[in-house]
Amino acid sequence: MLIDCDIHVTYRSIKELIPYADPHTRELIERSGVAGLSMPTYPWVHPSGWIRRDTYDAEAVEAGSMFPGFTLEQLRAHVLDPFDVVFALANPDEAACFSVLPNSRLAAGLASAYNDWLVDTWLRHEPRLRGALVVPAQWPEAAAAEILRMAPTGAFAAVFLPGAARIPYGNPVYDPIWAAAAEVGVPVAVHVHYEGVGTSGPLTGAGMPDFYTEFHTLNGASLQGHLVSILCHGVFERHPRAKLILMEGGLVGHVGVLWRLDQNWRSTRSEIPWCRRRPSEYVWDHVRFTTQPLEEPDDATQLADVLRPLQPEHTLVYATDYPHWDFDDPDQTLRTLPAEWREPIRFRTAADLFGVAVPAAA
Amino acid sequence: MRTLRFPRSVAPAPGQVRTVESGGRRIGLVWVDGELHGLADACPHRGAPLCSAGMLVHRVESDGERVVRHVPADRLRCPWHKWDFDVRTGICAEAPRMRARRYRVWLEDDEIVVSLAPVRD
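For the record, the sequence lines run as chains A and B.
Mapped onto my numbering, the consecutive letters of the first sequence carry residue numbers -19 to 342.
Mapped onto my numbering, the consecutive letters of the second sequence carry residue numbers 1170 to 1290.
Keep in mind the hints are simulated off the structure, nothing from the lab.
Incorrect hints may appear among the rest.
Claimed, not checked - Residues from chain A shown here face chain B by an in silico Cβ test under 8 Å; the list is partial:
| # | residue |
| --- | --- |
| 1 | Thr21 |
| 2 | Trp24 |
| 3 | Ser28 |
| 4 | Arg32 |
| 5 | Asp34 |
| 6 | Trp305 |
| 7 | Asp306 |
| 8 | Asp309 |
| 9 | Arg315 |
Claimed, not checked - Pair ranges (Cβ atoms, derived):
| # | chain 1 | residue 1 | chain 2 | residue 2 | range |
| --- | --- | --- | --- | --- | --- |
| 10 | B | Val1240 | A | Ala341 | 38 to 44 Å |
| 11 | A | Ala341 | B | Glu1277 | 27 to 33 Å |
| 12 | A | Glu323 | B | Val1240 | 45 to 51 Å |
| 13 | B | Arg1228 | A | Arg218 | 18 to 24 Å |
| 14 | A | Asp278 | B | Pro1287 | 23 to 29 Å |
Said to hold, decoys possible - Stretch-level coverage of chain B by chain A, calculated; a stretch enters the list once three of its residues show a Cβ under 8 Å from a Cβ in chain A:
| # | stretch |
| --- | --- |
| 15 | 1216 to 1224 |
| 16 | 1246 to 1252 |
Quantities reported herein were computed from a predicted structural model and do not represent experimental measurements.
Note that beta-carbon positions come from the ideal geometry of N, C-alpha and C, so glycine has one too.
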């Protein structure tokens, strides 16, 4: 049994959203530029492909398809069936960048169209799939309205925010998003995505790197920035029912950041008195981390020792990241972690987070 | 010695990989420098279909200034994590402890013969 907290789905062309778009958004999708609306994309390119090469067909690639040949049948054959997946979270791919468009009204229109498209083309066909709701993070009031609009469908299990942002997600301007997510009882999922693209800041304080290798090594820094912001702003004090999942930003880095944050808080707590508890204490109650891409030191036993302060048996949830190139096969990956962590990571902690019924522990 | 036999017509074209299957084994065949090599269709890292979905790629190296793209293409690139394995040795240069399983392969009349005996260097 497995709960997969990170698989990706997308349209082949943004024009697939046209039937679901409001008139203004439709006008911009159809008429913008020369051949219709295009989205900002990464300046860094993976030297041999972002996608698992056994998930697409070459003819479709040449025809310009974005996720060529990627179908629900294929998702079932590669992940849902062989790993006995009982619940999978369908995260966006290109749609993740709506939040870094400068035009917030367009972002809101695209997000609504995407969410309706996702229900219609994927979610209603596969009961094991739930969606991550795309919202315009740059317009929190509209994001909250979208959360409330789609909640009655029951099709969405999380609110999706990309790691790329103008300002970190603890800032009070985002309170409408936290309040709405808490009200409808779904976690906010911040997933590494589009750092350094669109209206977001540079990848790190060092500025813009040159290589994809640098980008993929450092993109988890965005999640650390959001986590520290969320803790320092007391988001979980203002929204005690709020939950957060940090996705695909690595795990080991969070250990050092939390140690350092707790250390600093002892000396600077008069600046952030609303952060009433030691910052890491909020993490154990409110924050979960997806495993992929799991770090791979040469000596695999070192990983467990380094991760132990993160309380992995309570905070880690499994993710494959299918169909991306750094897919983690659950059977192979979990074998590298201590036996007592595997079942909680494989499904129990996520079942508790998403309210999925699973057999009681033996 | 246990062997598998395949018709010579299944041999790959130069620069391509052809995966053959028999008795539950999937083996990728590749020509490099006039020799036919066989590798298991399973990446030693995470079990991905190394040969049937991987790519035959060139070794790209640099002495710090000049970049050289070696000919012929003699590396199999895994379809998942993009690790490269030397077709001749099965070794991943970036992670030498990872070695794809090799098979000794030769031509005999109109057949390709694959030995299932372990290859020892």
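Now the hints, each set against the structure:
{"no.": "1", "hint": "Thr21", "result": "violated, 20 Å"}
{"no.": "2", "hint": "Trp24", "result": "violated, 15 Å"}
{"no.": "3", "hint": "Ser28", "result": "holds, 5 Å"}
{"no.": "4", "hint": "Arg32", "result": "holds, 5 Å"}
{"no.": "5", "hint": "Asp34", "result": "holds, 3 Å"}
{"no.": "6", "hint": "Trp305", "result": "holds, 6 Å"}
{"no.": "7", "hint": "Asp306", "result": "holds, 6 Å"}
{"no.": "8", "hint": "Asp309", "result": "holds, 5 Å"}
{"no.": "9", "hint": "Arg315", "result": "violated, 10 Å"}
{"no.": "10", "hint": "B:Val1240 - A:Ala341: 38 to 44 Å", "result": "violated, 57 Å"}
{"no.": "11", "hint": "A:Ala341 - B:Glu1277: 27 to 33 Å", "result": "violated, 57 Å"}
{"no.": "12", "hint": "A:Glu323 - B:Val1240: 45 to 51 Å", "result": "holds, 50 Å"}
{"no.": "13", "hint": "B:Arg1228 - A:Arg218: 18 to 24 Å", "result": "violated, 56 Å"}
{"no.": "14", "hint": "A:Asp278 - B:Pro1287: 23 to 29 Å", "result": "holds, 25 Å"}
{"no.": "15", "hint": "1216 to 1224", "result": "holds (count 7)"}
{"no.": "16", "hint": "1246 to 1252", "result": "holds (count 5)"}
Of the numbered hints listed earlier, those contradicted by the structure are 1, 2, 9, 10, 11, 13.
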